[in-house]
Amino acid sequence: DIVMTQSPDSLAVSLGERATINCKSSQSLLYSSNDKNYLAWYQQKPGQPPKLLIYWASTRESGVPERFSGSGSGTDFTLTISSLQAEDVAVYYCQQYYYDPYTFGQGSKLDIK
Amino acid sequence: QVQLQESGPGLVKPSETLSLTCTVSGVSVTSSYWSWIRQPPGKGLEWIGYVYYSGSTNYNPSLKSRVTMSVDTSKNQFFLNLRSVTAADTAVYYCARDPSFKYFDSWGQGTLVTVSS
Chain V
1 DIVMTQSPDS LAVSLGERAT INCKSSQSLL YSSNDKNYLA WYQQKPGQPP
51 KLLIYWASTR ESGVPERFSG SGSGTDFTLT ISSLQAEDVA VYYCQQYYYD
101 PYTFGQGSKL DIK
Chain G
1 QVQLQESGPG LVKPSETLSL TCTVSGVSVT SSYWSWIRQP PGKGLEWIGY
51 VYYSGSTNYN PSLKSRVTMS VDTSKNQFFL NLRSVTAADT AVYYCARDPS
101 FKYFDSWGQG TLVTVSS
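Protein chains in written order, with my numbering: chain V, 1 to 113; chain G, 1 to 117.
Treat the hints as calculated values from the structure; they're not laboratory data. Virtual Cβ for every residue (Gly too), placed ideally from N, Cα, C. Please note that a few of the clues may not be correct.
Covered, in the sense of this in silico footprint (three residues per stretch, anywhere, with C-beta under 8 angstroms from a C-beta of chain G), are these stretches of chain V [said to hold, decoys possible]: (1) 63-77; (2) 89-100; (3) 104-110.
Label-pair distances were calculated between CB atoms; the ranges are [what the hints assert, rightly or not]: (4) K113(V) x L11(G): 36 to 44 angstroms; (5) G16(V) x S74(G): 48 to 56 angstroms; (6) P9(G) x D1(V): 26 to 34 angstroms; (7) K24(V) x K75(G): 40 to 48 angstroms; (8) Q5(G) x S33(V): 22 to 30 angstroms; (9) S73(V) x K43(G): 38 to 46 angstroms; (10) G42(G) x D1(V): 41 to 49 angstroms.
Using the sequences and the hints given, assemble the complete structure.
Structural data, given as structure tokens:
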């Protein structure tokens, strides 16, 4: 199975500051035929299901605030929150959907400093 | 607006079968692939498998020998059966929509299933 490793496991960022979460895949998620990276990001708040934020590594899901952005290619990816808001406190997961079975990172917990 | 709702027993005895239903509203179950994903308490997410309305399925090899998924288009529902459960199968079980690319854009609220005698 493809191993997705996120870093850090937890982070605390001040309101209005930038938050960055990294995700590394054990194999490349870039499909050369369509130049797409098969990587998604989710946000999970306590007691709630995950919510899709980003797919194709950098495409923001409809309704997701512009402060959320995804970048990276191949095996290394980043989720950036440009200006942290209180409602962004959550656990964030990356997921690869290139290889079967589809696998998730272990999660990164984001808190307010 | 797509809505998904899981239902089923919250407690299952060891060695028995866990059976869950996901009721879809807002779209036809024939429009997408549908997955089950689980999350043990305090832990991460594990994809269990998907089903398509045609009956096509794909299961995580780690669970393949115990899993069956199916669809009832007349009721706009899909189903999960997990046989021979143990305490390790205790988790919140989510149903989710896959818009054909194997990421998940709509999720149910999840249902906690505890395996215990």
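Now for the hints, and whether the structure bears them out:
A stretch counts as covered by a chain when three or more of its residues have a beta carbon under 8 angstroms from one of that chain; for the region 63-77 of chain V and chain G the count is 0, and the coverage is violated. Counting residues of the region 89-100 of chain V whose beta carbon lies closer than 8 angstroms to any beta carbon of chain G gives 4, which reaches the threshold of three, so the coverage claim holds. For the region 104-110 of chain V, the proposed coverage by chain G is satisfied: 4 residues have a C-beta within less than 8 angstroms of a C-beta in that chain, meeting the threshold of three. A hinted range of 36 to 44 angstroms holds for the C-beta pair K113(V) and L11(G), which are about 40 angstroms apart.
Between G16(V) and S74(G) the CB atoms are about 52 angstroms apart, so this pair conforms to the stated range of 48 to 56 angstroms. A C-beta distance of roughly 29 angstroms is found between P9(G) and D1(V), which places it inside the suggested range of 26 to 34 angstroms. The supplied range of 40 to 48 angstroms is met by K24(V) and K75(G), whose beta-carbon atoms lie about 42 angstroms from each other. For Q5(G) and S33(V), the Cβ-Cβ distance of about 37 angstroms falls outside the hinted range of 22 to 30 angstroms, so the restraint is violated.
Between S73(V) and K43(G) the CB atoms are about 29 angstroms apart, so this pair departs from the stated range of 38 to 46 angstroms. Remark: the range hint 41 to 49 angstroms for G42(G) to D1(V) is contradicted by a beta-carbon distance near 21 angstroms.
Violated hints, in rising order: 1, 8, 9 and 10; the structure is consistent with all others.
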